[in-house]
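Peer 1: Residues per chain, in single letters:
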Amino acid sequence: AQRVTQPEKLLSVFKGAPVELKCNYSYSGSPELFWYVQYSRQRLQLLLRHISRESIKGFTADLNKGETSFHLKKPFAQEEDSAMYYCALFRGETSGSRLTFGEGTQLTVNP
Amino acid sequence: DTGVSQNPRHKITKRGQNVTFRCDPISEHNRLYWYRQTLGQGPEFLTYFQNEAQLEKSRLLSDRFSAERPKGSFSTLEIQRTEQGDSAMYLCASSLVSGRNIQYFGAGTRLSVL
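Just so you know, the sequences run in chain order A and B. Residue numbering for the first sequence follows the working numbering, starting at 1 and increasing by one per position. Residue numbering for the second sequence follows the working numbering, starting at 1 and increasing by one per position.
Bound conformation, chain A alone (with noise of 0.2 angstroms):
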């Protein structure tokens, strides 16, 4: 069974600091990661998905198989980054189309 696991609930840090959002997940295939995020009062949204390889509002991620991790980066936060993000796997459309997320992390960016 495929599990996605975010180890920090909550994460702060100052404006200007780097932030690495933690996601390791396991699945004995080949899966797509994707980092949703919430902003308050918000709907849930797609921020990025490691097939595009794309920087989006400053944010990274890199899909790191040996360490089955898909950590999400970003230099410098600004305190519009505070919200809460989400990792998600999906296993592939022969395995079924769901995504199963990881518990989610609340990352307020302090001024």
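Calculated directly from the structure, the hints in this document are not laboratory data. It should be emphasised that the depicted structure is a prediction, and the values quoted were computed from it without experimental measurement. Mixed in with the good hints, there may be bad ones.
Capping the alpha-carbon separation at 20 angstroms, the derived lysine to any residue pairs in SDA-like fashion look like this [to be verified]:
| # | chain 1 | residue 1 | chain 2 | residue 2 |
| --- | --- | --- | --- | --- |
| 1 | A | Lys9 | B | Gly40 |
| 2 | B | Lys57 | A | Lys22 |
| 3 | A | Lys9 | B | Gln37 |
| 4 | A | Lys9 | B | Val97 |
| 5 | B | Lys57 | A | Ala1 |
| 6 | B | Lys11 | A | Arg41 |
| 7 | A | Lys9 | B | Leu39 |
| 8 | B | Lys57 | A | Gly92 |
| 9 | A | Lys9 | B | Gln41 |
| 10 | A | Lys22 | B | Gln41 |
| 11 | B | Lys11 | A | Gln42 |
To give an idea of the interface, some chain A residues facing chain B are shown, with a C-beta separation under 7 angstroms as derived from the structure [claimed, not checked]:
| # | residue |
| --- | --- |
| 12 | Glu32 |
| 13 | Leu44 |
| 14 | Arg98 |
| 15 | Glu103 |
No residue lacks a Cβ here, since even glycine has one placed at the ideal position from N, Cα and C.
Starting from the known structure of chain A, fit chain B onto it as the hints suggest.
Peer 2: Positioned in the frame of chain A, the structure of chain B alone reads:
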């Protein structure tokens, strides 16, 4: 607003009552998903449809839960004989089969069972 729409936004009911939620996906999205989210947890998959066919159901979906998508457009999720443990946020998402596996979420329906 052309995003995923869910109604009602909030539902308060007494234990034992039946409730029904509606989800309108993004137009032309052929996949529709239901998730449940409780406090402090990430969303948990319940079921999904491709067009009108229900292709997968989680073990979380007990016999009291039923979902339909009769014409391949909107979907309903019904919970019969609600229990306090059913209190949660129910999220709907939609996607395209060829849509790079990106799911777009609605704002959710928050259910409180008293």
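Peer 1: Determine for every hint whether it applies to the structure shown.
Peer 2: To see whether the hints hold, each was checked on the structure:
no.: 1; hint: A:Lys9 x B:Gly40; in the structure: holds, 8 angstroms
no.: 2; hint: B:Lys57 x A:Lys22; in the structure: violated, 29 angstroms
no.: 3; hint: A:Lys9 x B:Gln37; in the structure: holds, 15 angstroms
no.: 4; hint: A:Lys9 x B:Val97; in the structure: violated, 33 angstroms
no.: 5; hint: B:Lys57 x A:Ala1; in the structure: holds, 15 angstroms
no.: 6; hint: B:Lys11 x A:Arg41; in the structure: holds, 17 angstroms
no.: 7; hint: A:Lys9 x B:Leu39; in the structure: holds, 12 angstroms
no.: 8; hint: B:Lys57 x A:Gly92; in the structure: holds, 16 angstroms
no.: 9; hint: A:Lys9 x B:Gln41; in the structure: holds, 10 angstroms
no.: 10; hint: A:Lys22 x B:Gln41; in the structure: holds, 16 angstroms
no.: 11; hint: B:Lys11 x A:Gln42; in the structure: holds, 18 angstroms
no.: 12; hint: Glu32; in the structure: holds, 6 angstroms
no.: 13; hint: Leu44; in the structure: holds, 4 angstroms
no.: 14; hint: Arg98; in the structure: holds, 4 angstroms
no.: 15; hint: Glu103; in the structure: holds, 5 angstroms
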